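> From first to last, the protein sequence lines stand for chains A and B. Residue numbering for the first sequence follows the working numbering, beginning at 1 and increasing consecutively. Residue numbering for the second sequence follows the working numbering, beginning at 1 and increasing consecutively.
One should not assume that every hint holds.
[As the list claims (entries may be wrong)] Subject to a maximum C-alpha distance of 25 Å in a straight line, what follows is the list of computed DSS-like cross-link-like pairs (lysine-lysine):
1. B:K310 to A:K95
2. A:K87 to B:K310
3. A:K102 to A:K87
4. B:K238 to A:K87
5. A:K51 to A:K29
6. A:K73 to A:K29
7. A:K102 to B:K313
8. B:K310 to A:K92
9. B:K234 to A:K95
Treat the hints as calculated values from the structure; they're not laboratory data. A quick note: this is a predicted structure, and the numbers were derived from the prediction, not measured.
Residue strings, one per chain:
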Amino acid sequence: MNWFKKILPSRIKTDGNGRRTVPEGVWTKCQDCGAVLYREELDKNLEVCPKCNHHMKISARSRLQYFLDEEYKKEIGINIKPIDILKFRDTKRYKDRLSQAKKNTGENDAIVVMSGNLKGLPVVVCAFEFGFMGGSMGSVVGEKFVLGVEKAIELNASLICFSSSGGARMQEALFSLMQMAKTAAALANFRKYRLPFISVMTHPTTGGVSASLATLGDINIAEPNALIGFAGPRVIEQTVREKLPEGFQRSEFLLEHGDIDMIIDRRELRTKIAEIISVLTHQQTSV
Amino acid sequence: MHFLDFEKPIAELEAKIEELSFVESSQEIDVNKEIMALKKRSHDLTKSIFSSLTPWQIAQISRHPRRPYTRDYIERIFVDFEELHGERYVADDPAVIAGIGRLGNQSVAVIGHQKGRDTKERIMRNYGMPKPEGYRKALRVMKLAERFNMPVLTFIDTPGAYPGIEAEERGQSEAIARNLLVMSELKSPIIATVIGEGGSGGALAIGVADHLSMLQYSIYSVISPEGCASILWKSADKAQEAAQSLGIDSKRLKELGLIDRIIDEPLGGAHRDYDDIAKRLKLILIEELEKLSASPISQIVNQRQERLRKIGKFEDN
Numbered sequence: 001m002n003w004f005k006k007i008l009p010s011r012i013k014t015d016g017n018g019r020r021t022v023p024e025g026v027w028t029k030c031q032d033c034g035a036v037l038y039r040e041e042l043d044k045n046l047e048v049c050p051k052c053n054h055h056m057k058i059s060a061r062s063r064l065q066y067f068l069d070e071e072y073k074k075e076i077g078i079n080i081k082p083i084d085i086l087k088f089r090d091t092k093r094y095k096d097r098l099s100q101a102k103k104n105t106g107e108n109d110a111i112v113v114m115s116g117n118l119k120g121l122p123v124v125v126c127a128f129e130f131g132f133m134g135g136s137m138g139s140v141v142g143e144k145f146v147l148g149v150e151k152a153i154e155l156n157a158s159l160i161c162f163s164s165s166g167g168a169r170m171q172e173a174l175f176s177l178m179q180m181a182k183t184a185a186a187l188a189n190f191r192k193y194r195l196p197f198i199s200v201m202t203h204p205t206t207g208g209v210s211a212s213l214a215t216l217g218d219i220n221i222a223e224p225n226a227l228i229g230f231a232g233p234r235v236i237e238q239t240v241r242e243k244l245p246e247g248f249q250r251s252e253f254l255l256e257h258g259d260i261d262m263i264i265d266r267r268e269l270r271t272k273i274a275e276i277i278s279v280l281t282h283q284q285t286s287v
Numbered sequence: 001m002h003f004l005d006f007e008k009p010i011a012e013l014e015a016k017i018e019e020l021s022f023v024e025s026s027q028e029i030d031v032n033k034e035i036m037a038l039k040k041r042s043h044d045l046t047k048s049i050f051s052s053l054t055p056w057q058i059a060q061i062s063r064h065p066r067r068p069y070t071r072d073y074i075e076r077i078f079v080d081f082e083e084l085h086g087e088r089y090v091a092d093d094p095a096v097i098a099g100i101g102r103l104g105n106q107s108v109a110v111i112g113h114q115k116g117r118d119t120k121e122r123i124m125r126n127y128g129m130p131k132p133e134g135y136r137k138a139l140r141v142m143k144l145a146e147r148f149n150m151p152v153l154t155f156i157d158t159p160g161a162y163p164g165i166e167a168e169e170r171g172q173s174e175a176i177a178r179n180l181l182v183m184s185e186l187k188s189p190i191i192a193t194v195i196g197e198g199g200s201g202g203a204l205a206i207g208v209a210d211h212l213s214m215l216q217y218s219i220y221s222v223i224s225p226e227g228c229a230s231i232l233w234k235s236a237d238k239a240q241e242a243a244q245s246l247g248i249d250s251k252r253l254k255e256l257g258l259i260d261r262i263i264d265e266p267l268g269g270a271h272r273d274y275d276d277i278a279k280r281l282k283l284i285l286i287e288e289l290e291k292l293s294a295s296p297i298s299q300i301v302n303q304r305q306e307r308l309r310k311i312g313k314f315e316d317n
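Only chain A is shown next, with the shape it has when bound in the complex (with noise of 0.2 Å):
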């Protein structure tokens, strides 16, 4: 063994058959440009790919870590959990589908809401849980969603939204839908409060989501290049049977047809948006 080779840390050592082995949990690739990435690097720059900026997926409640104040946290609804009130069953059966999604999460449900404090600005924040069912929205989002809403009037709190969400949860069928009006609802009723709602849509927010409180933000943002939109691509290829124009339905894409007021990259989000809020709501920010 040669010097080299000793100071090599053991995790990283080449394998007897000359193969690199990438141990895992310690370094990450880049799905977009392929840079291998330092796990823990890449958790600090919040699932930021430092080479290429591409933003990966956040789980719902390291989101919320990183964007609220560290005191004052409480989390909302925690007792709300999924019922299979149809009994639904496809090749797999819903109640097993919930139970290995809150397995692979730690949560109950595809939302995550909590109130707190922004730089100092009373808030409350939801965060949709992709890992959870693709971040469907059944009757326990909508519902976590809506006491949000009803906790920031409360709290006279500005409500924050980060969406990420294939759409309304099919095991719930029409329950999901009707979930869409149950949101709108609870934004119509907050708007009358004279209190800001950021809607902030990650990559993907679609269907359901987005045709309901996604794009009902009295500021709407996107984070970089996330997909948003009523149906997805593919729907929209087999019906129109031509190729989609190159960045379709992409952030920059909405950016340029007026649906939405702006992009910011995730590391900006939480100076951005107390930014937005304190100009909005007339308070300054604590720092």
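Start from chain A and add chain B according to the hints.
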């Protein structure tokens, strides 16, 4: 007449009846008597087939090429109807009909999806799939109704909002979302009726209401059975199973408390008798509108919001 696959035995009987109607009576056979007997058999058979339809079969009736569409109802139910075409921004969307008229003596606004009857009209109406312009036209007429103190009556019959490039560019999502928001607090009573296909967000965008009813053989679903099958079963052939699991028919949705009322259709479906189904629908619209009109509009809006607030089933402990 156009028969669906599962109506084949009825179609055969009807063909026989048709044949016989050209035969003249002789001493050996009394053709009229024969026809009467066959008609009774056809009636009984229709009754028996229609008493146990599967959700998938109901979906097929809801999309029947002869099924009455919004315009067929407008002609039969309202007087002094004037269609309003302008959404004020981009274009008129023929997949949505909006206008004002009278139901009896009551001024009302009417909004509905519109499918086409023949190939040319189907293309013109984009198969009843609205673009953002259609929803924005609907919204404009709703606001007009609010200003002039008129109830809003909507007729739902769409496979879904149009999934196209321009529709996305012009904000399909936002158009639907905005309608949901505005309808939830519109200061006019709203009665929605699913008359054919209630296709997801494209249907709901004119479907937030104080009273929601469905024609007996209409469907209302978060996704088409075919779409659901191709995503969850990875095969569009499983649409039957998907229709079953989703629970898209009026009976199931009434049991689940998601709709208020089922409007019975004539035997064999609404397409067998346009006048009959229009008459039934008209009476129910008048009845439900009268019930709503007993309350002040502020109370109606509050109740609508409370209703929306409560939709959903979950565990809470």
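> Does K310 (chain B) lie within 25 Å of K87 (chain A) when you go C-alpha to C-alpha?
holds, 21 Å
> Going straight from one Cα to the other, do K310 (chain B) and K95 (chain A) come out at no more than 25 Å?
holds, 23 Å
> For K73 (chain A) and K29 (chain A), compute the direct alpha-carbon distance and say whether it is at most 25 Å.
The hint is violated at about 32 Å.
> Sort out whether K87 (chain A) lies within 25 Å of K238 (chain B), counting only the CA atoms.
holds, 18 Å
> Mind checking the alpha carbons of K234 (chain B) and K95 (chain A) for me, to see if they're no more than 25 Å apart?
holds, 19 Å
> Do the alpha carbons of K102 (chain A) and K87 (chain A) lie within 25 Å of each other, as the hint requires?
holds, 18 Å
> Measure nothing beyond the straight line between the CA atoms of K310 (chain B) and K92 (chain A); if it is 25 Å or shorter, mark the hint as holding.
Roughly 29 Å between the alpha carbons, so the hint for K310 (chain B) and K92 (chain A) is violated.
> Quick one, are K51 (chain A) and K29 (chain A) close enough, alpha carbons at most 25 Å?
Distance ~11 Å between K51 (chain A) and K29 (chain A) Cα, so the pair holds.
> Quickly compare the C-alpha distance for K102 (chain A) and K313 (chain B) to 25 Å and report which way the hint goes.
Given that 25 Å is the threshold and the Cα spacing comes to 18 Å, the pair holds.
When each numbered hint is compared with the structure, violations occur for hints 6, 8.
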